[in-house]
Amino acid sequence: MRCADGGTCTSACPQMFASRAARGRVNGTTAIPWRSSRRKPTLLEQLKGSECAWCPAAPWERDGARAALCGTPAGSFLVVRDSTTSVPSLLCVSAGGDNNEAVIDYCIKSTDTVFQLSESRLCFSDLAQLVLFYSLTRDVLALRLSIPLWIYGVTEMTGDLSQLEPETWLCSPTDQQTDEMTQREPSNMMCSIQLTSTNGALCIINPLYLREHGDDWLTDRTTSAQSATPSPTNYRKERRLSTTRAWAGAGLLSKRAISMEQDSAAITETSGLSRASSADSPHWPTSAPETSAGVVLRRPSRDAASFPAPYRVSSGSLTTSTTSTPSTPGGSNRESLELPPHGSPVPLSPHRVSWVEDGVWLPPPRPSSRLHPPSLELDSLSISSIEEEQEYQIPSPAPHHQSAHRLADKVIHRLSAVGQALGGLVSQKKRLTNRVQELSERKGSAFAEAVKGFVEMTLKKVVITTGSRGQSSYRNITDLNDSEIDSLVELSLHKVALKPVSAHLYSCIHASRTNDGSFDRLQSNMCILEKNGVEELGGSAGVGVPDSLTLERIQQRWTSMHEAYSPNKKVHILLKVCKSIYHSMSANASSGTAFGADDFLPCLTWVLLRSDVVTLHLDTDYMMELLDPTQLQGEGGYYLTTLYASLYYISSFRPRLAARQLSVEAQNSLNQWHRRRTLHCNQSRRSRNRRTIRRQSCQDRGSQNSDTDTERREERSAGDGEAFGHNEQDTGPEALPPLDEEAHTPSDGNQGEEVTSKREETQSVCGEEDHR
Amino acid sequence: MALRELKVCLLGDTGVGKSSIVWRFVEDSFDPNINPTIGASFMTKTVQYQNELHKFLIWDTAGQERFRALAPMYYRGSAAAIIVYDITKEESFTTLKNWVKELRQHGPPNIVVAIAGNKCDLSDAREVLEKDAKDYADSIHAIFVETSAKNAININEVFIEISKRIPLAESAGGTSGKAFKLGRQASESRRTCC
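So the sequences go chain by chain: A and B.
First residue of the first sequence: 1, per full-length UniProt numbering; consecutive thereafter.
First residue of the second sequence: 1, per full-length UniProt numbering; consecutive thereafter.
These are calculated hints, taken from the structure and not from any lab test.
Since the structure is predicted, the reported quantities are computational estimates derived from the model, not experimental observations.
These stretches of chain A come out as covered by chain B in the derived footprint (C-beta under 8 Å, 3 or more residues): (1) 600–608; (2) 634–648; (3) 665–674.
Among chain A residues calculated to face chain B with C-beta under 7 Å, some are: (4) Gly-538; (5) Cys-578; (6) Lys-579; (7) Tyr-582; (8) Ala-594; (9) Phe-595; (10) Gly-596; (11) Ala-597.
C-beta atoms are modelled at their ideal positions from N, C-alpha and C, and glycine is treated no differently.
Produce the complete structure using the sequences and hints provided.
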């Protein structure tokens, strides 16, 4: 069984090559290699089969394992079971020394479903996978596990494996092989991790490596750099290069495509870690590990190094088309060698860790291997465990030629890979939007009915205030809490629910505003005010106004604002206009002062007086009605308020009117608007925390101040929309007057006077208090 | 850490230095050449108070008499109002008293009121005694500080005092959704690999 010395294994050689050649032929086309009747057990299977050898049962405990490991080559390992539960609990790894210190213990945590080293976050569904993984990559271990070489020589799954003893398992390779192994280390320098995502791969180079060695090796792939070490290294190198040649194309992207293709070939039976590994030689029965050139996952060099020489030579000859094996057609199907020969019956796993090993990434072999500990490349491993993948895209193999790639190309390719990965995120958003639209169009679904009902109802009834209620009911239907998704859904809802009715809403607002006379007032006051300069409007002396060019651009923005149906989009455009106004204020200003609202409001008014105020009023109402009051605390809300205020200033401009009376009118108008909005707000959002909290906090503060302003608070109810809204909930939204908050009908006037007298009363009270 | 957005409204006569105070608070600088997001009339600054982050959304208002009627649109929903007067202008202190009255009548019921006597660097030209203003502020339970936006005196203190007077948020709520985004990602990254 032991083939480490090469002698016993020769008999397996012809067999092996025959099978590989056969596989190669079919792989050249589309056939699946592992359907071959000459199925070989994978390394993982063999590990599983021999589990009793490296994870012995009861009599073995920690001390015994340590004793057995003493003096074994570095990386030799045994797993010890807990004496009471007989659950694998300890991984003992030989560090290569002779004393007892040379064995390092790692605790294995296990649950019903997974095994993991307690220091690591990587979990494995069975012990063999864990062992295989740590034989390929170090992760948290001090050194990689070493799997005995003879296991590669096992050609059939036999019962023998299950009868192995730990002592047999720990058989050591010869000195000569160890030497070779050390020689080979440099060629195994690994510098990147390939993280795969749904759409592509993200390659990460260990920054330490770059700092240490620069990035010359990325472009410098001259074969002259190959070490003088005989076959193994040269062979590996050659293999890689020839693989690169097999696909003409450029850059990392195509490299990725290759690895993806290989993975996809394996996907039918394997996935996850095992899939990545399956692309590598350890899974190949009795085959040289080097055949995995260009493959994602790198095999442990140790195993390769100690492989019997005949294997190396013959597999090398395969790639150089000078095979000595008659059954292998010359130069046939290099790709086939890259394809994983066998699917291993490993459970599907959503995660994958894979290493990029390729000519592109391979640093030139270095003379001194000691500079590079074998596991240097594994430092950033844990990143990969985060990455998950569920779906696979199978990119068509990109043609590739062996031109020297410049670093810039690689950066671009890497960027595009990142871009693709990000693209996956973006498309999720799009999917959500489409989903909402889809839902709204699906016949018979509650959501679609709600949307349809809302649209029909809105078109029939002239009640634009139901808009907010409709929106809130959708929010309930979709039942999403995350604010981001929430806003996204809202945007989608604007499309499905608001777009069809927006024109109708405009006409409703227009009719309402025409009826209450505010458009007339607006236009007549425009004539009075439009001759005023910005200083006459209240601006300070130095403030600048937009020049004609800017003014023209602002007009275009107003137009596009009117065309947008989404209130959020409208606010966005409004902010752009405000920004350009601000820019003009400071750019044309004679003095360098900071302009606050004292100057911005006059300046905005100046701009409005040169714009289509009727349409702007329409848009302002539209935004004010449809946006949630809680959305109006930020910048958008501020400038929308300022626009509203400025329009209000124009429409209510009466040169000789006392400021106080105007204030009352403004107060009434605003209170009506706020009451109506808060009503819906309370109906639709009563369950929402933020509002509840605010109300509670208000009450708290109310009790603090109650001694000073009890009497006044009675008067204040009009200003306190939230409290008010509660009281009037039974009236329902339809009962509210649509959009007449600024109506200046006689009755309103009387109401205003009433309020004025009330105010004067309270002010006298205040005055008394003030003089106390 | 919980993030709370606090709308703060700035009231006061034109020219008393409302925007300079905000500017100083937000930019820690009196240099007018630093451009805020859009303009100085709306600015934000987030400060830490105890175990909360307070994001001040500062709404400036136009102080001209002709625009007084528009003020309710601005102070509606405010958690706090800073009423600014100029210690060198008696008239601006009278205006301040009117603002206080209006807020008491029409402002949010529990609005925190802060009175800032700005331009305290110009004490030679003082017209409003600090004691008078302090007594008035005490009588209405308002925060009172004399500030100088020019010399950065007491600017941060105004906002710290406001933070102190804002009632503490309940444990569960009072935060915007933004505060929780990271948690969601973290839970995903903890998934295992096999």
